[in-house]
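Protein sequence lines, in the order shown, are assigned to chains A and B.
At position 133 of the first sequence (counting the first as 1) the number is 133 in our numbering, and the numbers step up by one without a gap.
So the number in our numbering is just where the residue sits in the second sequence, counting from 1, plus 1000.
Mixed in with the good hints, there may be bad ones.
Calculated cross-link-like contacts (lysine-lysine; reagent style DSS-like; alpha-carbon spacing at most 25 Å) [to be verified]:
{"id": "1", "chain 1": "A", "residue 1": "Lys279", "chain 2": "A", "residue 2": "Lys264"}
{"id": "2", "chain 1": "A", "residue 1": "Lys361", "chain 2": "B", "residue 2": "Lys1091"}
{"id": "3", "chain 1": "A", "residue 1": "Lys438", "chain 2": "B", "residue 2": "Lys1225"}
{"id": "4", "chain 1": "A", "residue 1": "Lys361", "chain 2": "B", "residue 2": "Lys1081"}
{"id": "5", "chain 1": "B", "residue 1": "Lys1115", "chain 2": "B", "residue 2": "Lys1081"}
Don't read these hints as lab results, they were simulated from the structure.
All of these numbers come straight from a predicted model, not from anything done at the bench.
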Amino acid sequence: MAIWLPLLATDRIEKGRPELRELALVLSTPQNGRTVVTASNRRARKEGILPGKVLADAKAMLPELQNLPDHPATTARVLESLAEWCLRFSPIASVDAPDGILLDISGCAHLWGGEKPYLDHIVARLAQGGYGTRIAIADTIGTAWAQAHFGTQGTIVESGQQAAILEALPPAALRLETSVLARMEKLGFREIGQFLHMPKSMLRRRFGDALLLRLGQALGTEPETLEPIVPELPYQERLPCLEPIRTRPAIEIALQTLLESLCKRLAKEGRGMRSGVLKGYRVDGNIQQIQIGTSRASHNPEHLFRLFALQIATIEPALGIELFLLEAPFVEEVPKAQEALWETKGGRRQVAELLDTIAGKMGMDAIHRYMPRQHHWPERSIRATSSLDEVPDTDWPADRLRPLHLLSRPEPISVMVVLPDYPPLLFIHKGRTYKLAKAEGPERIEQEWWIADGRPRDYYRVEDENGARYWLFRSGHYGEGDPEWFLHGFFA
Amino acid sequence: MEGVKKEIIESLREQILLMEGLKSGRIEMERTDLGLQEIAHAFPRGVFPTGAVHEFISPTAACAAAANGFISGLLSGLVQKGMFCLWVSTKRSLYPLALEGYGVPPHQIIFVDVKRDKEVLWVMEQGLKCDALAAVVAELSEVSFAESQRLQLAVEKSRVTGFLHRRRPGRQRALACVARWQIRPTASYVTEEMPGVGHPRWEVTLEKIRNGKPGRWCMGWRQGKFTLLPDLQRVAAPKREHYA
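If we strip away everything but chain A, and leave its shape as in the complex, we get (with noise of 0.2 Å):
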């Protein structure tokens, strides 16, 4: 539901002083070096005073206007609290800056006997207050506000007739840019009917993104969500002790209690955690702090546990600890489906808990899984990735030979070659020489130029005659400077 405060400016003036009810109203500030009015009330309107007029104009038109200053923080305070008190009406309100409110209304009409009678009932209660409203029920939030505010006052859109409503609308109605507005204009849409089917592709490239985003979120094709003005509760959990701890064993406990609780909504509410932190307030006033981190959401509390333990020695309980309290920082909604499409042998769940082991005690940057990438230049040809579940989207290359061993950073080698692009005869590395029996090559990869600069380089794949293979590249041609020669692996 969205509801509109056409008004919310004066009206709140009004409320304060009823006596200016009846006289003509506007709101001004400077602007550019005049007063410009931004807010006028019933009676300045049907007078022609809309905002945007300069004041002198205004007045000029009406000599008896009033005026007072316009003090928009105020009235951003006058909508919160007006939001604050709608939470009567449902649990889920949210503030649509500058003037109106939105309210997620699922499951709350049928309190009131349904839609609307829910829907006068709200009129009524805002208007007994002061406030005048045009409000809008639909399955989206863009539909509601483009009803609010461009349709007739009251609709309540049938769920799935979108389209057919928004057809009538202006353009505007769209929460767009004003930019984008103007561009419309002037190719003559007044209706967003007229682009309503035009093909996305068009529409995109003429007005962009957020036009087709806009879009999307009237029909209920992209999502949209509010922003509740009381937030959701923290995922947090306190145990005061009676008597100050100060062993392992009663912190094991301590910890051991929080986590179930807090591993018991997490469950519930299907989410798991990715981080956590256990603080311990000291008697003395220091706080002593050990935090974990998972690879994959886990709302299993044995499982974190061992975390936090691998940490517990790190805490220094001094005279005692008589506080603990437990967060989750940062959560995330456990992939049920996929961990059941995925289990094999006992499971993903475990691999990532023993990653999680390993992170808690090595560091999380010490494990590397890889996805390929396509990419030729060997040192880019693979991408690190921290999920355990990514598959890759492309197959790994299977075309080329590449040696098994690759060196981090090329190492520097003397070769001697008969003729220029040939294979080496022998090359020397770190002071030994390795003669070469058999030689293929070369593969030359070129420098991508869209992202480095520097020269090609030419690999050839060798054997030494103990059998050995290596795989040596010359970067940059004979004749164009003086080229190098490098070892850059080993083959199996």
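Got chain A sorted already, so can you dock chain B onto it with the hints?
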């Protein structure tokens, strides 16, 4: 009479294997095929012992690459069914992209890079305790007998296969591993007369195996499987390696 005797001996042998921490050979045979049938006669009960820790010794960088090639070939048989494998090392030089050539999907390998041998062993032990893994490979240089015993105890419970790859070891010492291997690269081979470098060929030495027969073979890797090459072309006389 003969038949009965044979049966009794068979069952006693199986009992001994079980007591020594090896799973019954028959069950293993059905489960994993690692492509080493041609040298199976060297293994206890004719089956490559999975669910145990194997030691590999590589004195040089070239040997290390060959040993990792051999291990990757074995892994390809173990990582079926999308199971993960842990690869722990101090100075990792393995290039994940090349694993594809050995039949191992590189994204099924989780690399853990740590600084010291002790940390490698700790991670390896944790990994060997987790039976959701297909195998654990550890690259390090030094490991003591007591530490290898811990690893053996871990695999006896979980049946995960462990590969302990010692690169440039200080000195050889007896470890509580089921087998000790040494893989040395030898001249590559080609099937037809083709120029260039051919398929990898290794001199595989099984220096020690519990309840098996040590041996030395020449093996190659071609088209995703091990092949036993009949002629063991010694590359000169095997030189004495200097352990650094």
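**Item:** Restraint status (C-alpha distance of B:Lys1115 to B:Lys1081 at most 25 Å)
**Value:** Measuring from Cα to Cα gives roughly 31 Å; hence the hint is violated.
**Message:** Hinted pair, alpha-carbon criterion (25 Å max): A:Lys438, B:Lys1225. Please report holds or violated.
**Reply:** Holds, at roughly 23 Å.
**Message:** Holds or violated: A:Lys279 and A:Lys264, Cα atoms, limit 25 Å.
**Reply:** holds (20 Å)
**Request:** For the pair we were handed, A:Lys361 and B:Lys1091, check the Cα-Cα distance against 25 Å.
**Result:** Satisfied, since the Cα-Cα distance of roughly 19 Å is no more than 25 Å.
**Message:** Need the status of pair A:Lys361, B:Lys1081: alpha-carbon distance at most 25 Å?
**Reply:** At roughly 29 Å apart (the allowed maximum being 25 Å), B:Lys1081 and A:Lys361 break the hint.
In the structure shown, a violation is registered for the earlier hints numbered 4 and 5, in ascending order.
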